[in-house]
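For the protein sequence lines, the chains are A and B, in the order given.
Residues 1 to 155 in the numbering used here are what the first sequence spells out, letter by letter.
Residues 1001 to 1280 in the numbering used here are what the second sequence spells out, letter by letter.
These are calculated hints, taken from the structure and not from any lab test.
Small disclaimer: the values here were computed from a predicted structure and weren't measured.
The beta-carbon is built from N, C-alpha and C at its ideal position, and this holds for glycine as well.
It is possible that some hints are incorrect.
[To be verified] Among chain B residues calculated to face chain A with C-beta under 7 Å, some are:
#	residue
1	Met1001
2	Ile1002
3	Phe1006
4	Pro1008
5	Tyr1024
6	Ser1027
7	Gly1029
8	Val1034
9	Ser1097
10	Met1099
11	Asn1102
12	Arg1103
13	Met1183
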Amino acid sequence: MKIKFTLNGTLIEKDVPVNKRAIDFLRDDLGILSIKEGCGEGECGACTILVNGKNVHSCLMLAVELDGKEVITVEGLKDNVIQEAYVEAGAIQCGFCTPGFIISTKALLNETLNPTPEEIKEALEGNLCRCTGYVKIEKAVKLAAKMYKGSDSND
Amino acid sequence: MIKNYFRPSTIDELSELKIKTNGYLFSGGTDLFVKIRAGAINTDTVIDTKYLENEELKIENKKLFIPLNTTYTELRKFIKANQINPIIENIVKTIGSPMIRNRGTPVGNIANASPAGDFVLASYLLNASVILKPSSKKIPVEEFIKGPGKIELEKEEFIYGIELEILDDYKFYFEKVGRRNAMIISIASIGLLIKEDNEKIKDIRIAFGSVAPTILRNKEIEKSLIGEKIDKNLFKYLANEFFNLSSPITDVRASKEYRKQLVYNLTLKAYINLYEKVVI
């Protein structure tokens, strides 16, 4: 089936098999390698992408459902603020879960730059990290919010 | 393997496709695609309902109408903006994760008819009706759901939406027991709504998830409590009644004995949290 959508700002027109998952299409056909497959069933969040500004699992979505949508992955973020905040806070170890966390962080910060600790926890509850624990990741989100607001304080 | 994918835009087109292909309807696919991948469902046709021209979320005659394709995230925003049925927010925020709530739908939860379905529990508590098309039948949810995964739907019919009561001035409590904050399928859950009149019960609704083939609610017990004084003894009585009425199974998540004990404990816990002002 022919689909047409924007991926990280670029218009894409492709013919895709109807049984192909969005994750396989984006990774294998379009080379978007930030998207990781962890569990393949919506438990881990490593495959998270932004579709029309909302974070969703690309493993639980058909490629044909991307038709007409605006898709953003880590490759297409307009700046590196969240990535830098994760590095600064030491919120990365093996890095496999990181793109998913960054996308969920972006989805949260699109809604608010003053997230409460509860809002941060809720925004990240669908992403699993088996290396770091979550304290540093939560700090990274707070830090990214601050960096977006232009403040350089770092408590 | 999926060989055919359809995007009907009208009720008749959807209905005809359903008859012709026997395909699976989906909106978010958060449940269907997991089942297809696990081999629990084998279908060559899926029907995407998201292109259907359907109505919007709306409030009419003290009822909340939730059409198919409305996601949990959209429902939460609507509930908050209109300040109605705060228990729905408490229940919906525990469903899945942000990614699931951005795709998954209340109508899909009803269609799955799991006794662990959190939105199914909400719909029982709020005396929901299920609206079918093209027939335009309106069926109370407890009649529509016949058992685990069993619903009353003719070959040509599909769930068009659900209608819930809007309740004012009710105290409420919801808790589900599971092993992680996100993505949990409940081991057992309780939802409670109480309207008071001078420390006595004016209306009470109590429902349990995952402890019987369908959501457990008993309107006769509820009716018999109208006018009763609200105290711990009353909740001990309720805890006992529902302990006896529950008929859970043992599965990978928990044993039936544990689930029965949860029914008892959660009932008392609801009372303590609501009335003794001690949060446990």
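To see whether the hints hold, each was checked on the structure:
The closest approach between the C-beta of methionine 1001 of chain B and any C-beta of chain A is roughly 5 Å, which is under the 7 Å cut-off, so the hint is satisfied. For isoleucine 1002 of chain B, the interface hint holds, since its Cβ comes within 7 Å of a Cβ in chain A; the closest pair sits about 4 Å apart. At its closest, the beta carbon of phenylalanine 1006 of chain B sits 9 Å from a beta carbon of chain A; the interface hint therefore is violated under the 7 Å criterion. With a least beta-carbon distance of about 14 Å to chain A, the hint placing proline 1008 of chain B at the interface is violated under the 7 Å criterion.
The restraint placing tyrosine 1024 of chain B at the interface with chain A is violated, with a minimum CB-CB distance near 12 Å, outside the 7 Å limit. For serine 1027 of chain B, the interface hint is violated, since its Cβ never comes within 7 Å of a Cβ in chain A; the closest pair sits about 10 Å apart. Given hint, glycine 1029 of chain B at the interface with chain A, holds; its Cβ is 6 Å from that chain's nearest Cβ, closer than 7 Å. A distance limit of 7 Å between C-beta atoms decides the matter here; for valine 1034 of chain B the minimum to chain A is near 5 Å, and the interface restraint holds.
This hint holds: serine 1097 of chain B has a C-beta 3 Å from the nearest C-beta of chain A, less than the 7 Å allowed. At about 5 Å, the closest approach between the beta carbon of methionine 1099 of chain B and any beta carbon in chain A falls short of 7 Å, and the interface hint on this residue holds. The interface hint given for asparagine 1102 of chain B holds, since its Cβ lies 4 Å from the closest Cβ of chain A, which is under the 7 Å cut-off. Interface hint at arginine 1103 of chain B: satisfied, since its Cβ lies 5 Å from the closest Cβ of chain A, which is below the 7 Å cut-off.
Interface restraint check: methionine 1183 of chain B against chain A, minimum CB-CB distance 6 Å, threshold 7 Å, status holds.
Violated hints for the displayed structure, listed by number in ascending order: 3, 4, 5 and 6.
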